[in-house]
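Since the structure of chain A is already known, use the hints to place chain B on it.
One letter stands for each residue in the lines below.
There are 2 protein chains.
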Amino acid sequence: MKQSILPFKTRKDAPKDEVSLNAKLLIQAGFIHKEMAGVYSYLPLGLRVIEKIKGIIRNEMETLGASEVSLTALQDKTLWEKTGRWDDEVVDNWFKTTLKSGGELGLGFSHEEPLTALLRDHVSSYKDLPFSIFQFQTKFRNELRAKSGIMRGREFLMKDLYSFSTTDEEHAAFYDRVKNAYVRIFDKVGLGEVTFPTYATGGSFSKFSLEFQTITSSGEDTIYVDREKKVAINKEILSDERCAELGLDRENLEEVTTVEVGNIFNLGTKFSEPLGLVYKDEAGNRIPSVMGCYGIGLGRLMGTIAEVFADEKGLVWPKSVAPFDVHLVALPDAEGTVMAAAEVIYETLSAKMPIMFDDRAVSVGAKLADADLIGIPTRIVIGAKSLVEGNVEITDRKSGETTTVALSEILNYLHG
Amino acid sequence: MKQSILPFKTRKDAPKDEVSLNAKLLIQAGFIHKEMAGVYSYLPLGLRVIEKIKGIIRNEMETLGASEVSLTALQDKTLWEKTGRWDDEVVDNWFKTTLKSGGELGLGFSHEEPLTALLRDHVSSYKDLPFSIFQFQTKFRNELRAKSGIMRGREFLMKDLYSFSTTDEEHAAFYDRVKNAYVRIFDKVGLGEVTFPTYATGGSFSKFSLEFQTITSSGEDTIYVDREKKVAINKEILSDERCAELGLDRENLEEVTTVEVGNIFNLGTKFSEPLGLVYKDEAGNRIPSVMGCYGIGLGRLMGTIAEVFADEKGLVWPKSVAPFDVHLVALPDAEGTVMAAAEVIYETLSAKMPIMFDDRAVSVGAKLADADLIGIPTRIVIGAKSLVEGNVEITDRKSGETTTVALSEILNYLHG
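Chains as they are written, first to last, in this note's numbering: chain A, 260 to 675; chain B, 260 to 675.
Pulled out of the complex, with its shape left as it was, chain A reads as follows (with noise of 0.2 Å):
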């Protein structure tokens, strides 16, 4: 893509009336637009990294052999009664509307009730299950606070996932398989080192649920992380009797603050005994569904990557989910010769590899420093002086460090 046609600007400052690290760089390099509190839009740059999160978790989701669907935003009350989730004390963070023709709707903040009546249609024996079902949906929670930037919005896109399984040992095989899609998400988005599963409060069904936490100095949450083991404890569970059932030591474990970005809940059969999605069994008794729910949002996940990452001279994006894996900078030259060449390679680098590139009228003070700020990967700059030595720097966001490569070894250099 070439920069000059962006419609979209980087800001020289951080915006004032943002708290949070995330939103005050997303927004200053270009990626996010700020709504009101905790409604941010995508720009181009930031739809890029999130179209890069939904790749590598599809891929996931589908190595499960889940089902992708999209469900409405609208909620139908009637559904939310059954389960007890519609009052606002139960539920504190619904948004509310009202039909033209009459009646109340909900704005969804999670879908287990309106996917499992709509299975009711498409269950009826045993032979039917297990299956698991995903999708990447709008959630929205009208929360009193919402100072985190897209680390928690009150509208924001969501991976979520449901299993629906015949007995406990069926649904405790498939959450384990989850989990590991989880790690593997994790490694893959480049959180993988400091992302930590954490044993957390678990619910009526469960003595536990699991959460993946992320350290971060900026984190909400405290956690205690035994490094070894690769697994934690959350600090709102945390005593010797948990430690010693988790086979955890409390003399290993280290004090971090940390943001959560998964978490996989045991629903029992909470949701499908009052909504009806039974099964029938060999013996023809009917029986409800064992249910699990596994959510990632992906705002909160981007947010976080680009906290862990970030330096003093802005966003450092790992390869796996960055815009872009190349920074093609052309320095401006009075001849016009830098462009037309930086056109050439341009045109070669971007059938092999997604490649932005500066094509634009400015200083090269404002291209570096906007290079720094968008953190892409790869810096190439084509500048007179080397151009005339047959060269190009090649400069790694993340070390800083630049290499002077020749211009016919350019895609042996990437690939390399």
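Derived from the structure by calculation, the hints contain no laboratory data. Quick reminder that beta carbons are idealized off the backbone N, C-alpha and C, glycines included. Hints are not guaranteed to be accurate.
Lysine-lysine pairs mimicking BS3-like chemistry, simulated, CA-CA at most 25 Å apart [as the list claims (entries may be wrong)]:
#1 B:275 <-> A:398
#2 A:336 <-> B:261
#3 A:261 <-> A:313
#4 B:341 <-> A:313
#5 B:336 <-> B:313
#6 B:539 <-> B:386
#7 A:359 <-> B:355
#8 B:268 <-> B:283
#9 B:539 <-> B:341
#10 A:398 <-> B:398
#11 B:539 <-> A:268
#12 A:355 <-> B:406
#13 B:261 <-> A:386
#14 A:336 <-> B:275
#15 B:359 <-> A:406
#16 B:268 <-> A:539
#17 B:359 <-> A:398
#18 A:313 <-> B:611
#19 A:386 <-> A:539
#20 B:438 <-> B:578
#21 A:271 <-> B:386
#22 A:529 <-> B:293
#23 B:386 <-> A:386
#24 A:336 <-> B:398
#25 A:336 <-> B:359
#26 B:271 <-> B:611
#27 B:268 <-> A:386
#28 A:611 <-> B:611
#29 A:488 <-> A:466
#30 B:386 <-> A:261
#31 B:657 <-> A:355
#32 A:261 <-> A:539
#33 A:359 <-> B:313
#34 A:341 <-> A:398
#35 A:313 <-> B:313
With the Cβ distance kept under 7 Å, some of the chain A side facing chain B (calculated, not the full set) [unchecked claim]:
#36 268
#37 298
#38 302
#39 327
#40 537
Below, chain B alone, put in the same frame as chain A:
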């Protein structure tokens, strides 16, 4: 995809609470699920059709040089007050909701206001223009009645494109390019022959707007088409004077009922002026940008395609938007050899093209009826008898024609 792992089933009969053909068929075939009137979830087959349509549209938008964004559903009242569109007396299909922290919000029925406001941070000089921006985004419209299935939803996915130019001439040139892109889009989804650019009421900034109207028997609109000139005029503005203006001879016009599948509007400075999206020209004058907007409802387009091509057996998808290219159907056999052979054929073909494999243990009749209902363009039937002869039967869903093809020739036949 193996049909046995798909959690969603077809129904024997069309749902009785639907009056529209598109919803009857799409629910029966397991493409969509009705949450409530005008609110439909997309199941895996339906979502695949939407994604195919998205791909076709995105490709044309990128060819126009438009940048993709994703704005929010939640809308800030103050922006819409500036253009006079907040009032329910002016816009009668708002969904509105309330923030826990205080204040009223809207759910976007369109996105002129937030996009225009957002761009104020990015436009200052004439050098920043022209550009265009598009998104695939969920719209909410509080329709009093919603009986048209996915053709008129209360919540639906829309592609909206907005253009921003310095002058009327620059705007007109881009508008023409979009018109041509829309012609290509409707061609590609298979509706080219029955879709007509149609002059309609213009609004405050131009004499006419342009609708893209598709001929269907269930259409809500009436237009007059000149089939030779490939253009039409909406009944609402038909007059001898208008025909003369548009170079149409009233005697060559044919009355047809249609569905509006796309529209393009001149917006002039209706939004840029009140919201302050101005640029400085070379002399330093502050001038509001000239805008256009261009919409295609994805559900409506999918519903139209469903209705236009359906026959008495069910859906008939054009290949460009079909959920899969090929439906491989293994007929049941006691020994299981047919299934084993079909499995090998599935593995071979699925590496080459999107294919759905009916590996279910159900009757021949159920399999063939489902295949007709789902409407994938090409069906390959593997049965014991033809298999022994080294053949399969390949049926074209649209024509119903069946050809016997040697196993070794399947790929050549499909690509031929």
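Going down the list of hints, with the structure as the test:
no.: 1; hint: B:275 <-> A:398; in the structure: violated, 31 Å
no.: 2; hint: A:336 <-> B:261; in the structure: violated, 35 Å
no.: 3; hint: A:261 <-> A:313; in the structure: holds, 24 Å
no.: 4; hint: B:341 <-> A:313; in the structure: violated, 36 Å
no.: 5; hint: B:336 <-> B:313; in the structure: violated, 30 Å
no.: 6; hint: B:539 <-> B:386; in the structure: holds, 9 Å
no.: 7; hint: A:359 <-> B:355; in the structure: holds, 11 Å
no.: 8; hint: B:268 <-> B:283; in the structure: holds, 14 Å
no.: 9; hint: B:539 <-> B:341; in the structure: holds, 22 Å
no.: 10; hint: A:398 <-> B:398; in the structure: holds, 14 Å
no.: 11; hint: B:539 <-> A:268; in the structure: holds, 17 Å
no.: 12; hint: A:355 <-> B:406; in the structure: holds, 23 Å
no.: 13; hint: B:261 <-> A:386; in the structure: holds, 15 Å
no.: 14; hint: A:336 <-> B:275; in the structure: holds, 22 Å
no.: 15; hint: B:359 <-> A:406; in the structure: holds, 15 Å
no.: 16; hint: B:268 <-> A:539; in the structure: holds, 17 Å
no.: 17; hint: B:359 <-> A:398; in the structure: holds, 16 Å
no.: 18; hint: A:313 <-> B:611; in the structure: holds, 24 Å
no.: 19; hint: A:386 <-> A:539; in the structure: holds, 9 Å
no.: 20; hint: B:438 <-> B:578; in the structure: holds, 24 Å
no.: 21; hint: A:271 <-> B:386; in the structure: holds, 19 Å
no.: 22; hint: A:529 <-> B:293; in the structure: holds, 23 Å
no.: 23; hint: B:386 <-> A:386; in the structure: violated, 64 Å
no.: 24; hint: A:336 <-> B:398; in the structure: holds, 20 Å
no.: 25; hint: A:336 <-> B:359; in the structure: holds, 19 Å
no.: 26; hint: B:271 <-> B:611; in the structure: violated, 32 Å
no.: 27; hint: B:268 <-> A:386; in the structure: holds, 13 Å
no.: 28; hint: A:611 <-> B:611; in the structure: holds, 22 Å
no.: 29; hint: A:488 <-> A:466; in the structure: holds, 20 Å
no.: 30; hint: B:386 <-> A:261; in the structure: holds, 15 Å
no.: 31; hint: B:657 <-> A:355; in the structure: violated, 45 Å
no.: 32; hint: A:261 <-> A:539; in the structure: violated, 59 Å
no.: 33; hint: A:359 <-> B:313; in the structure: violated, 30 Å
no.: 34; hint: A:341 <-> A:398; in the structure: holds, 21 Å
no.: 35; hint: A:313 <-> B:313; in the structure: holds, 16 Å
no.: 36; hint: 268; in the structure: holds, 5 Å
no.: 37; hint: 298; in the structure: holds, 5 Å
no.: 38; hint: 302; in the structure: holds, 5 Å
no.: 39; hint: 327; in the structure: holds, 6 Å
no.: 40; hint: 537; in the structure: violated, 15 Å
Hint violations for this structure: numbers 1, 2, 4, 5, 23, 26, 31, 32, 33, 40, all remaining hints satisfied.
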